[in-house]
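Take the sequences, apply the hints, and build the full model.
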Amino acid sequence: MATTPATAEVQRPPEEDEGGRWWQSPIAQMVWRRALLGILTLVLIAVIVYFATTVLPGDAATAILGQSATPARIAKVEAELGLDEPLLTRFVDWFGNAIHGDFGNSLSAAAPVGSHGGASKEAVTTLVNEKLLNSVVLIGVTAIVSTLLGILAGMYAAFRRDGIFDTGGSVVALVASALPEFVVAIFVVMLFAVNVFDWFPALSLLPPGESILSHLNMLVLPVLALVIVTTPYVFRMTRGAMIEVLDTDYVEFARMKGVSPRKIAFRHALPNALAPVIQVVGLNLLYLAGGIVLVEAIFSYPGVGLALVEAINGRDVPTIQYIVLMLAVFYVILNIVTDVGVLLVTPRRRYPRS
Amino acid sequence: MSEDKSFNLNLDQGGLTRRKILQGAGAGALMIGGGSILAACGGGSSSGGGATTGGGGGGESEGKPVAGGVLRVGAQGGSNTDSLDAHNVLTNADYARAAQLYDALVRIDNKGQPQLVLAESLEPNKDATEWTVKLKKGLKFHDGSPVEAKDVLYSFNRIVKGKYPGLYALGSINMKKSKAVDPLTVTFVFDKPYSLLEEALTLHWYLYIVPTGYNPKKPIGCGPFKLKSFTPGRESVTVKFDEYWDAPKPYLDEVKTINIAEETAQVNALQAGQVDVVDYLTAASIATLESSGQKVVISKSGGWVPFTMRVDKAPYSDNNLREGLRWLVDREQMNQSVFSGNGTIGNDVFGIYDKFYDKSLFPQREQDLEKAEALIKKGNAEGQTLQLISTPNAPGMTQMPQVLKTQAEAINLSINVTIQPTTEYFARSYLKVPFSMDYWPYAPYLVDVSQATLPGAPFSATFFNNPTYTKLFEEASATLDEGKKGEIVHEMMKMDYDEGGYIIPIFFPVIDGVAPYVYGVEPSVTGQALSTFQFQNFWIKK
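Residue numbers (numbering that gives the first Met the number 0), protein chains in the order written: chain E, 0 to 353; chain D, 0 to 541.
Note that these hints are calculated values from the structure, not bench results. Check the hints yourself; a few may be wrong.
Quick list of in silico lysine to aspartate or glutamate cross-link-like pairs, DMTMM-like style, CA-CA up to 20 Å [unchecked claim]:
#1 E:K75 / D:D245
#2 D:K162 / E:D83
#3 D:K358 / D:D245
#4 D:K160 / E:E79
#5 D:K216 / E:D83
#6 D:K135 / D:E253
#7 D:K255 / E:E209
#8 D:K162 / E:E209
#9 D:K248 / D:D84
Fair warning: this is a prediction, and the values are worked out from it, not measured in the lab.
Encoded structure:
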């Protein structure tokens, strides 16, 4: 133990000493600090992404017109899109509106016919939010399933160390984590939709305007593919951390005292093994937020990853901005949540060492 | 083990539009071999009755067309920019949708020939400066209003004023002087003789007729299907137009056109029964689909993906180098490795389905390394590194440069290949860099000439500028004498063959996947998928 009982005594948690001033607790202070830094990060990202996008060759007009981009037509489309305004003016306009929650209109997407009569431009938020929600569902369900599965399997493997489940599970986990996600996705489709069984739809062809939650059968295969890819990390981390904890003196002591294995696992070992697992789950979520484009492509899943790729190809700056900012918000929040989670399960880290 | 091959290729073939997302992950392609071992085992169970139709796709025993049913199309190459604007088709999915909603005066048929559609007749005056177009009687738009001369004028005016791509098919048309003679008769007036109008109108996907006051937000046409709903980047639903001029067509009640970004996904969707037809596949998918009992329609198209050399830029300004490179290409090998042999070997002249095209005019070029080496040396390009830039915009455009590069190694010529993302390519390289690639669907010869090989042509990637050639084109445009026109065309083709800026090793195949119960999908030479998207000819019998 690094901290002697004496120093621990000196650094009693402030909330116990100072009653209601909860915002002065180390966790609350960290959250505030990180949130403020996060906002600064978002502003910086907005600036960098905006100008980085303009450095890319071509603009929305050339992207829309493609091969039929003759100079006359480019000029026409650029004028229609307002791309003939100076760069700085466009950015200031965008920034001013974005603070008020108006992220502008997509440069490349037209509104669905019939949805609102005659309006030609589609607001970025209406265009993206539906896909954002689909992605959140996909990521959320995957995270829940893979975390529970990974932790339980990891614990079991640690308890039955070097048993069949442990050895077999470790090999399977190693193989699964070495496979790229699109390979797993293709494999899952062949197995459960096309070649062997036809249990689930091969593609998640969600009718426009409907929620993925009302078409759960379309969610199964994408989630399965992502669970296969992400669970091994949780499994291996849990197993490793658990083995370390199970080797400690206090677990040994608990065993000798005759505490039931279940109680040892969940009451004594797991809380102390959880910190690295939380970090891996956090990393998994970050990976899922940024890295599911290929899986979306294979399932034609109407998510935000493909939308971002398309927006970049289309040089659709407002859409790129919005999606990247939403991803950044997710990253910032997730980092805070992960760190809070780690602090909660490891009380000794809450206070600076003396 | 057909899956093995197909999935590898699916992932690293360039193909259309966003297939390149997966290219980035090419490193993982090796792994797929492992996954597909199991797939092949699984495939065995479903391939029992497979391979019912051969590659040709034409010889279905169809019987009589049956009315009814919903056709679900898994269309490649759509995006957020999808539009239903009759004159502004941009993505592949746009072509598929516009063909449902609209119709044109003339259409190109599956053999590449003009076919009168809304037009009853097209008659030029003696010097081809005026064309009189008579419309069929009783034509109707989706809203019930008649299709009249004023609508034709309105449509062409819209194309000319909006500078839409159809403009380039209309020569020196003078819309101010063109007029409606009576409700069913239009006279088009041209500033210069334009005997090519009928052929040029075969670019029908740019020249749809819309009603006066047309609003692309509420698109009305006179095509076989009416719009029911449309979400750009996702899907459209169209329903049968009961008053279509070519009754009893269309046979289908409804067409649902769904965007699918990825060839793997298209193939899976067809096999799993989520769509009924898919378009623009690569040769890699043929075996997979046939083994699972789907039909594969392979069209030997006249569409071309040429290497383009700027004849005004060194070192390509030296025809010795251009000719040397043409003798360097092993066309057969390129066809095999890029299109599994399904393409048509080219001879550096476009317009192969033109009525005047004659194979015997010029000997077929085959790889001749000695000749190539000598010519390239004579062209002072020996020891240089040629910079070739391409983009994944159409079948073969990313693989053909790689094959050429490898073939050039045989004579120690080094070619540096750069594949740019499409947006970057069209913004920076297209019609600019000296050595590149281009994409053309099929059109009659002189129509392509007017867009490609004349000075100032809108899509001149070679900057070909030969006064004799240009003069010949003017003569061909001015004559209504078919015999004379044919002679001129032959002379021009000979010049393309001898000194042009294109290398056309292959005319690419168009490969579509069709469920066994869908009929009427015939091979077409146009370079567009699914019989040039003529959905009115399709029918379903389960």
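Structure-based check of each hint:
1. E:K75 / D:D245: violated (37 Å)
2. D:K162 / E:D83: holds (19 Å)
3. D:K358 / D:D245: Distance of about 36 Å is beyond 20 Å: violated.
4. D:K160 / E:E79: Holds. K160 (chain D) to E79 (chain E) sits at ~15 Å (cutoff 20 Å).
5. D:K216 / E:D83: Measuring from Cα to Cα gives roughly 25 Å; hence the hint is violated.
6. D:K135 / D:E253: violated (26 Å)
7. D:K255 / E:E209: holds (17 Å)
8. D:K162 / E:E209: violated (38 Å)
9. D:K248 / D:D84: Violated - the C-alpha atoms of D84 (chain D) and K248 (chain D) are around 23 Å apart, more than 20 Å.
Comparing the model with each numbered hint stated earlier shows that hints 1, 3, 5, 6, 8 and 9 do not hold.
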